[in-house]
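Work out the full structure: start from the sequences and follow the hints.
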Amino acid sequence: MDTSAEVLALIGVGVLLTSLFLQSESFVDPLINGIALQSLLLGVLLGWLAWTEHSVDLALLAGLTVAVRAVVIPYVLRRQIRAFRWRIREVHAANRVTGHALAAVAAAIVAWFVFQQTLAPSFPETGAALPFVLLVQGLLMLATRSNTLVQVMGYLEEENAIVYAGALFASAFPLFVEVVIFLDVLGVVLVGVILSIQRDVTGTPEEVVLEELSG
Amino acid sequence: MDPTQQVVNLLQAATVLLLSPLLAGVLARAKAWTESRRGPSIFQPYFDLAKYLRKETLRPQGSSRAFVVAPLVAFGTYLLIAIVVPIITPYPIPYAPTVDFLGGGLLFGLAGAVTLLAALDAGSNYTALGASRTVSFAAFAEPTLIVVFFAVALITGTNNPYVTNNLLTSSTSAYLAPTHLLVTAAFFLLLLAETGRLPVESAGLMEFGMLEDGRQFEHSGRLLGILRWNGWMKQFLLCSVFLNVFAVPWGMIAQPTLLGAAINIGVLFGKQLGLVGALVAIEATVAKVRLFKIRDYLALAFSLAILSVFAFAVLGAP
Amino acid sequence: MIVGPPTATLLYLLLLAPAGSAVLALIPYPGVSKWASRTGALVALAVALVLLAGRADGTWGPYLGLDALSEVFLVMVTGIYATSAWYSEGYLAGVHRPFLTPQIYYALLGAFALAMVATLVVTDLGLMWIGIEATTVASALLVVLERKPTSVEAAWRYTLIASAGLTIALFALLLIYATTGTLDAVTLATDHPALTLPLEMAVALALVGYGTKAGLFPMHTWLPDAHSEAPSPVSAMFSGVLLPTALYAFARVYAILPRPAPAALTDLVLAFGLTTAVVGAFLLQRQRSFKRLLAYSSMEVMGIAVVGIAVGGVALYGALLLLVAHAFAKSASFYCAGNVLRATGTNRVDEVRDLQHRMPRTAGAWVLASFAVTGAPPFGTFLGELLIVAGAVAAGWYWVALVLLLAILVAFLGVNVQIGRMVFGAAPDGSPVAPGTREDRASIAYLNVAVSLAVGVATIPYLSTAIRAAASLLGGSVP
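Residue numbers (numbering that gives the first Met the number 0), protein chains in the order written: chain X, 0 to 214; chain D, 0 to 317; chain A, 0 to 478.
No lab work stands behind these hints, which were simulated from the structure alone.
The reader is advised that the hints may include incorrect statements.
Quick list of the computed label-pair ranges, beta carbon to beta carbon [stated by the list, open to error]: (1) D:Trp249 <-> X:Ile108: 27 to 35 Å; (2) D:Thr97 <-> X:Ile87: 53 to 61 Å; (3) A:Ser442 <-> X:Phe112: 55 to 63 Å.
Covered by chain X, per the in silico footprint, the following chain A stretches (three or more residues, Cβ under 8 Å) [as the list claims (entries may be wrong)]: (4) 40-46; (5) 364-370.
Everything numeric in this text was worked out from a predicted model, so none of it was measured.
For glycine and all other residues, C-beta sits at the position ideal for the given N, C-alpha and C.
In structure tokens, the structure reads:
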């Protein structure tokens, strides 16, 4: 393995580990740190790629990833936590750590298997399966968690997967930077507007099933 | 066969047998030091052992021969492990080909199983509780151990711990490969669980926290001494394997001479002292998890082990 | 025929009209936002009709382009946008929500329409994706502005599920770009890149991604919530045009595949369509809220349309007809539902009775509209569904035809029985609707139903030919 592949591999595994951590953690504060760390790792990866490929786009993307998803959105989320003390922990997730961790591992393996069966021959890059795996992890998190803030993190993880994939095997993807900016804006709007309205309007645990929305 | 190597083999067994209480003593002393206590002498385990061996042995009513035989079988098993895994030599010693990694794991399993039999045979509620706890967590720990072996086998292509040691000392990229780092982490978590350290188990007189010790309530005298010794040997062996095959494979003298082997004992003990530092630091910083959370802890170790195999599959060979 | 530069100008006007109306709507002077929105919508509709009449196919610059398919969809989108903009006044007057000021409402409505129009006039798959994602932002804000706990929760589910799905669609686009090196829909659809596993995977992922936004089972869970909690005119746009626009984006990706499409993918699309149709048809049976009932009915129709895409041939033509007719009929249904909701203050089927005497105009429109959405002859939806079933039979997929017929029948009964109970059922004492209740703009509902009818029975100048052209463009055949 050459140095470049090794860097990609190490960061990729780091990202994978953070995703495992995100799946199995039930407190929101460490989760925010986890997603910030994951974004930071991706930022480092993008920076590395930008440096080796002399790409301004990727450098911009690296800066954007670190600034928005490792700093701004975690900051907004932390402020949200201060407003919603009851959201600090997801109790039912806390009792299912084993299940969540094993589900994460199983999902990773399935995702990898699918990737291996369909895409692998066309994407020989080191760790090319990881963005796909990360995408599935984000989806899994969205599906298994009921805490709003944790779901935001699942969404951020998906976004990270997209950035990762774009950086790894479609680095010349047109409009990629724009798309990511757009996603970031969407993320901020999501977190900012809806959550703040939610704070004003409900103020109760969203675990309470809203009877009107059933069926 | 080369007589020197036979002697080295015996030397290794003797090292495990005689130094394992010392490791336990150093650990206890260092832990006491972090708690601002003076702590017992580092030779305290030897004194304990001498005391146990002088005492008479009692057998509970209704127990069978298994109660007596099992600790001895376990003792023999650990001694057997002591002559087949890399402890004081980086090259295979004469009996090493007897078992590979998986065989070593099976021997550990055998020792654990017979100890369990002894605990059940005692017929006491407390030992049975200890046994059932141990088994329920072993159900999570052992798959992890197996996967760790898979990962090691993947890295080197063989199941031979000596080959792993050689590969890691010769290639930095193999050492830094994600697979190896993850598998080392998983094995370390397992080591903490298997040797009864925090956050899994708190040694002491609190029976709520004990897993291993809970199985020994009914044994006394020599048998208890043997069981304690078994525990120390297991800890010594696991630490040695962790250090030599996973974490710190360097530093052993490859000359197949008696002197080299003797120096390697010192090297090993130096490494063990470093590990003791790490273990004590962990004990001083983490709290014991609730009994039912141990499962989560082991699930994490298992996930790491699986991920190490996964990383190998995704990222390719180092 | 209008060709060349004037068309490009028209195209910019088409984008500018909703954008301008959205900006102007923000002026805090009574009546300005309403008229800005109405004017913008009408201008957009007029431009869309001119473009349709001129069949101004072609591309302008690297990103803009039109063909028969986008022209048909543009008429749909701007048509529903215009009727919703006209209908909104009464709805806004009836609800009192401190944050749902006309300024913000009309501005977001314009932004919502702009996002859909932009999706339809671009040729770049990436920009198309951005357009679809932008609809999420605008429409989620429209839902959340109702500021009830339920609407906030609905908006939240909607945003999260739709964005998560669209991330998958974006991943699909990354794969397409990585394998083909371009995202230009025109190039891709004419050149048909070599069929590789990654490309097939990309289409499958795009189906899941855009299918989420189109309400396909099992990613449909946001759909009934958002529909029932959005303001009624917005629900009309959701059902009538947003879901079809998501399908449009998928159809553009699907068009990349060489004809005939690989069997595995056809089967996958078929499976998604059929399960959606059946699940939607059965879920609507047990709905207690009439807006949720209509939402599940839309889900069922989207499922049938997806089956049409999968079957191809004449069924593809049927799917387009179905979507056009359904858009107008379903929006009419939602306008009626909005009137009833405003008059009664409830969205429960059980609490609404005897509309035939209390809100006669709305009741009449609603009965017609619900027949139209469930595919009763002679509405356009009937023709569309008939063609899809016929296409399935022609392709030899008898069981597909059978399952489709079952879903159509079940949905027909489910919707019409419930609407019938509300319209003709005897009113218990103390029913919340008093006779002679004000009915806002039931005429718009009648107008939309008439369009839906016309699509079925008559050859509408330009539109019918454009639908045929669009069907052949996608590889379908026209009877």
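We went through each hint and held it up to the structure:
1. D:Trp249 <-> X:Ile108: 27 to 35 Å: holds (33 Å)
2. D:Thr97 <-> X:Ile87: 53 to 61 Å: holds (54 Å)
3. A:Ser442 <-> X:Phe112: 55 to 63 Å: At 58 Å between Cβs, range holds.
4. 40-46: It is violated, with 0 qualifying residues against the three required.
5. 364-370: That given contact is violated, which follows from only 0 residues of the region 364-370 of chain A lying within Cβ reach (below 8 Å) of chain X.
Violated hints, listed in ascending order, are 4, 5; each of the other numbered hints is respected by the structure.
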